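Protein chains in written order, with the UniProt record's numbering: chain X, 1 to 352; chain G, 1 to 352; chain A, 1 to 352; chain Y, 1 to 352.
These are calculated hints, taken from the structure and not from any lab test.
Among the hints, a few may not be true.
The list cannot tell twin chains apart, which means a pair is met if one copy fits it or any two copies do.
Claimed, not checked - Lysine-lysine pairs mimicking DSSO-like chemistry, simulated, CA-CA at most 27 Å apart:
{"no.": "1", "residue 1": "Lys203", "residue 2": "Lys36"}
{"no.": "2", "residue 1": "Lys284", "residue 2": "Lys203"}
{"no.": "3", "residue 1": "Lys30", "residue 2": "Lys284"}
{"no.": "4", "residue 1": "Lys284", "residue 2": "Lys36"}
{"no.": "5", "residue 1": "Lys30", "residue 2": "Lys6"}
{"no.": "6", "residue 1": "Lys6", "residue 2": "Lys71"}
{"no.": "7", "residue 1": "Lys34", "residue 2": "Lys202"}
{"no.": "8", "residue 1": "Lys36", "residue 2": "Lys71"}
On a predicted model such as this, the values are computed, not experimentally measured, just so you know.
Number of protein chains: 4
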Amino acid sequence: MIVVMKVGSPETEIERVSQELTDWGLTPEKIVGKHKVVIGLVGETAALDPLRIQELSPWIEHVLRVEQPFKRASLEFRHGEPSEVIVSTPSGSVPFGRNHPVVLIAGPCSVENEEMIVETAMRVKAAGAQFLRGGAYKPRTSPYAFQGHGESALGLLAAAREASGLGIITEVMDAADLEKIAEVADIIQVGARNMQNFALLKKVGAQEKPVLLKRGMSATIEEWLMAAEYILAAGNPNVILCERGIRTFDRDYTRNTLDLAVLPVLHSLTHLPVTIDPSHGTGKSEYVPAMSMAAIAAGADALMIEVHPNPAKALSDGPQSLTPERFDRLVQELSVIGKAVNRWSQPAVALA
Amino acid sequence: MIVVMKVGSPETEIERVSQELTDWGLTPEKIVGKHKVVIGLVGETAALDPLRIQELSPWIEHVLRVEQPFKRASLEFRHGEPSEVIVSTPSGSVPFGRNHPVVLIAGPCSVENEEMIVETAMRVKAAGAQFLRGGAYKPRTSPYAFQGHGESALGLLAAAREASGLGIITEVMDAADLEKIAEVADIIQVGARNMQNFALLKKVGAQEKPVLLKRGMSATIEEWLMAAEYILAAGNPNVILCERGIRTFDRDYTRNTLDLAVLPVLHSLTHLPVTIDPSHGTGKSEYVPAMSMAAIAAGADALMIEVHPNPAKALSDGPQSLTPERFDRLVQELSVIGKAVNRWSQPAVALA
Amino acid sequence: MIVVMKVGSPETEIERVSQELTDWGLTPEKIVGKHKVVIGLVGETAALDPLRIQELSPWIEHVLRVEQPFKRASLEFRHGEPSEVIVSTPSGSVPFGRNHPVVLIAGPCSVENEEMIVETAMRVKAAGAQFLRGGAYKPRTSPYAFQGHGESALGLLAAAREASGLGIITEVMDAADLEKIAEVADIIQVGARNMQNFALLKKVGAQEKPVLLKRGMSATIEEWLMAAEYILAAGNPNVILCERGIRTFDRDYTRNTLDLAVLPVLHSLTHLPVTIDPSHGTGKSEYVPAMSMAAIAAGADALMIEVHPNPAKALSDGPQSLTPERFDRLVQELSVIGKAVNRWSQPAVALA
Amino acid sequence: MIVVMKVGSPETEIERVSQELTDWGLTPEKIVGKHKVVIGLVGETAALDPLRIQELSPWIEHVLRVEQPFKRASLEFRHGEPSEVIVSTPSGSVPFGRNHPVVLIAGPCSVENEEMIVETAMRVKAAGAQFLRGGAYKPRTSPYAFQGHGESALGLLAAAREASGLGIITEVMDAADLEKIAEVADIIQVGARNMQNFALLKKVGAQEKPVLLKRGMSATIEEWLMAAEYILAAGNPNVILCERGIRTFDRDYTRNTLDLAVLPVLHSLTHLPVTIDPSHGTGKSEYVPAMSMAAIAAGADALMIEVHPNPAKALSDGPQSLTPERFDRLVQELSVIGKAVNRWSQPAVALA
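Modelling step: build the complete structure from the supplied sequences, incorporating the hints.
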């Protein structure tokens, strides 16, 4: 941590700040520049809040953090080794991580009825997916929009899981539903709008199912890793990050801006696996194939893609869903890139 | 709602879409342009989800909403009349609204101890505030940062309320705490990070205390009003909006960009009262006075300002807090602007 | 300047970097932290480019600037004294600056014809404006949109200047037009899109007319001050900054987000006067009055407001223009705030 | 174009607006909704400015454009066929376009001296590049930073061109330098900061060398295509677009956010070829390989990559430059992806 004092700070004030920091157990070192004095802090500063230091004196201009604020999520925490999150599914364990093949998660935005969800599961399984996504509880901007079928949809997901052997991933919006969801889901999703719902993060951290943590719409990479840190600190080591597009000034052609540079950035910062969601990331099914290809080429550990048997009738997010046929074809296209980067598994049939 | 078909859409597809929309109870009217066909929809379209329409056909290029998606929050819902949210406090009722004096809410980010919170309450009351703000539960980016004193802090707020006669406003982060908070708080705050925590919105909508709804960091005005609509639709008509700065590309000197243009914009869209929070909105106490002046000049119905008896020792958000002395002086400065725009009440002493 | 070395940097590399920096004439001071080493630099570092330092070694993690990169624009350059930019007009000198009344600049987006521009000039003069704005050369997103009447419009501005006694402010887009424009204009405007057109900045810096420098759509405050620094460094000390709204994610109701917090921020960083343009800043005439009031309350040194005798027929930017009648009334409203903050001049008639 | 009238618009006003639009040669069709009236416009509306229509009446709420504002840049302009921009180089013609192999452009940010630029040229040529990039005139935020060697650097680029047989691409910042630059450059670059320097766009449109047009830092895709339209409309059909990262709220780890979704979006909107610049797009050399891989996988027509023989001594942009050795290796990595998507040429040696 570096404390920059304002031009003209009184010597006594600099001393007072240094003394206070010493009282906190830190070792301040003063550097007297031509115009300004800066104080370098040696010691356990990672957990320090820069704002708390800034409060010490109105003569403090800036407090610059030199250490990263996340610990358990950091690459150093595992001595530079990527972690693998191993998820149990009816068809066996599926590992997410940098040294494993790309995992495919596919399915509709919302669970609509048994026929639809089971059919979709069978189709995406046949195409090569290992997980079925499907919303029982849906975050919707409008209170008047379809909010998901809730608990009854959980039963349908269980049926699809049983029929297909796929693992299930579904979103929790209310901590009160967590237990019910955890009975069905193999991975619990925390959505973008709840990335800083700290009460919820603590609760998913206190249960055992792996958690897929979506990046908030305007979350910095650091805030996202700190949200993961909430889950890790609460005792759950199985966190998978998911980039789903950030909000920028240009929303005319895409709903969000898919930030694929998080792949090399996160690979240098954290050991956690990273999923890319090109469906929400662009908001249009026609852009999904190109961005899926790009994600694998850039090092994604998993892809989450919306597939709906009849996108024209989907109860939500239709325009960003692929048909099962298009998904079949996409997996073929992806396999070419996946093989080129040595991140592709044997055909799906071999997994079962 | 306007449906724009892609160039070259087959006539049969246009007919099919029109027929489907007719089946939904709408009255489609076709306009054949030089290059494109657009379909105008007459009927109850406000609650329609444009995405659901877009799903109808891959030949649909855009669906443009013409009507606002919010109803209860709209100015039309009250036939152009601003609403007044009247809040009970130990010193009597305080109305928030366009036809009332500016309401002053002040206090520390966190409740630290009884002496501190009672002292602050007495000081801001003397300066002219009608409400004490103070956090019992604090949203913090880091799981290792101070998270608020929780339930015990609620007791201290109750003591400060009793001692000062001020109304209390404090944040709910977890629906499980709502009941306890509602026992103490006169206004319940939903923070920026929870603006789209729809489970929480429904629950604060289902209780009776007025709700102050902060704008999310990257929420559009429309999303913010839709979040208010969740609360209104759940049965609670007493919603106060609060602008606290949005996230933009420039974060070097201010933590957020305080978007004061929401004042005239919201005045043209909604009947709900609007509070401005210049403390979070800028993140630095030295910018708070200028932005407070600006907020009143532009039509704010209330101001929420951080005041701490000793900002240099504050447990959170110190750099954005004013001292009680500076707050005293600020209220004098604000009164000049408040009187100039006819939005200033008699001296605080007369309120009690 | 603070150089942060990566975890695990070899001692020899740290020495090599320190030696290199010493060779540059700097005095590096090493602070050995628990995990990282940082090197503080003492000496003339303001003009140093952090990127050039970062290049020195792949082991450098960050280079943090402690000093501001702008000099002539800094408040320190004038020892904390705000500058006044005094502009000659046919009616006498008009000073822009913190210790002077708010200056009013008004007029149409484009100069359309002599009658229109002279009439507008007389009307805004009568209402209290000291400057007429009017575009001869217009930056337009589309090559097919009206581009301004160019040189012939300059003649019309000269006629309006003569008739009204107002000073003229108009935009230069092409350095080739600078001389012609400078013959007519009392202040030369550099538009938002050209804020980092460095070739143009150098040229307006090398001539004598005062320059109004608009903030770029996504320019940080620092980049804006550095653009001013180009003009100042080229020899022209008369720079007036103008905030006109920045680009953010929310563009549904306003064209831009007017960032009024630049007022207190710039007042703490620079001696240069600051103008606010609420017309471009919001893009809608109905929001202009509230934001004009706010700007004066927050300390604006001048306002630039679009006024058009018949906004419904304006060749550009109509929806953001006020009628002369509305402008008359607005000046009355502004005078109330202006007087409240002691920044209002005697009635316009006394100026002439 | 769709004109949405406000709730309660008087019938006479709707008629007046319709009449006015008819006078403009358009065919207005009125749709009477439950709450609002909208007017659809049939006819040549693409070149119409929505703002000019909005001006017609204060009762107009919105004007929604249905047609794209760009024509020559549109995919329809070439009946759905991508264009190819064929650039002459000393080693023969190099085509940019969707049906051609990915073109590699590499070289340093700035031209420093003859030895350096010739060595870099020979190295990147050997690795497989067809173009050498190098700045003679550099846009720098600070007037005190190195501004490029200017005219003398052009001579060095000519020498490197002659020695290596590579095509040359270099930036124009001042129209006054255009002629000199065009003597040396095979492609003229317009930088991000000048994307809306309309005077410059007209001038590069009026000369014959192909133009690489970088996207502005906060330019929408539409604004970018409209900037291209300026060049096309001025008579130069050879425009290559270049994405180099946009400005967003997160600038902690990357300088910009590289928006790779422009690839599928532009492929659906325009016939112009698209280059990706991952060096500026991320600002850090360690992120360049992953983003280059992603760019090719997503359909880039060319890549522009910074390579410097000694990044640690580069006069500008060092941290984002690769060494020639790393670039060699990267081209090998890229070839794997390039071949997988059938966009890779024979080894560079065969081109000469």
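Hints and how they fare:
1. When the C-alpha separation of Lys203 and Lys36 is checked against a cutoff of 27 Å, the pair qualifies neither within a copy, at 46 Å, nor between copies, at 34 Å.
2. Neither within a single protomer nor between protomers do Lys284 and Lys203 lie at most 27 Å apart by alpha-carbon distance, with minima of 33 Å and 33 Å respectively.
3. Taking the closest pair of Cα atoms, Lys30 and Lys284 come within 27 Å of each other only across two copies (25 Å); inside a single copy the shortest separation is 55 Å, beyond that limit.
4. In this assembly of identical chains, Lys284 and Lys36 lie within 27 Å of each other by CA distance solely across copies; the values are 21 Å between and 52 Å within a copy.
5. Both within a single protomer and between protomers do Lys30 and Lys6 lie at most 27 Å apart by alpha-carbon distance, with minima of 14 Å and 21 Å respectively.
6. In the homo-oligomer, the alpha carbons of Lys6 and Lys71 lie at most 27 Å apart only across protomers (16 Å), although the nearest pairing inside one protomer, at 31 Å, exceeds that limit.
7. Within a single copy, Lys34 and Lys202 get their C-alpha atoms no closer than 47 Å, and across copies no closer than 30 Å, so neither meets the 27 Å cut-off.
8. Taking the closest pair of Cα atoms, Lys36 and Lys71 come within 27 Å of each other only across two copies (15 Å); inside a single copy the shortest separation is 32 Å, beyond that limit.
Hints 1, 2 and 7 from the list above are not met by this structure, while the remaining hints are.
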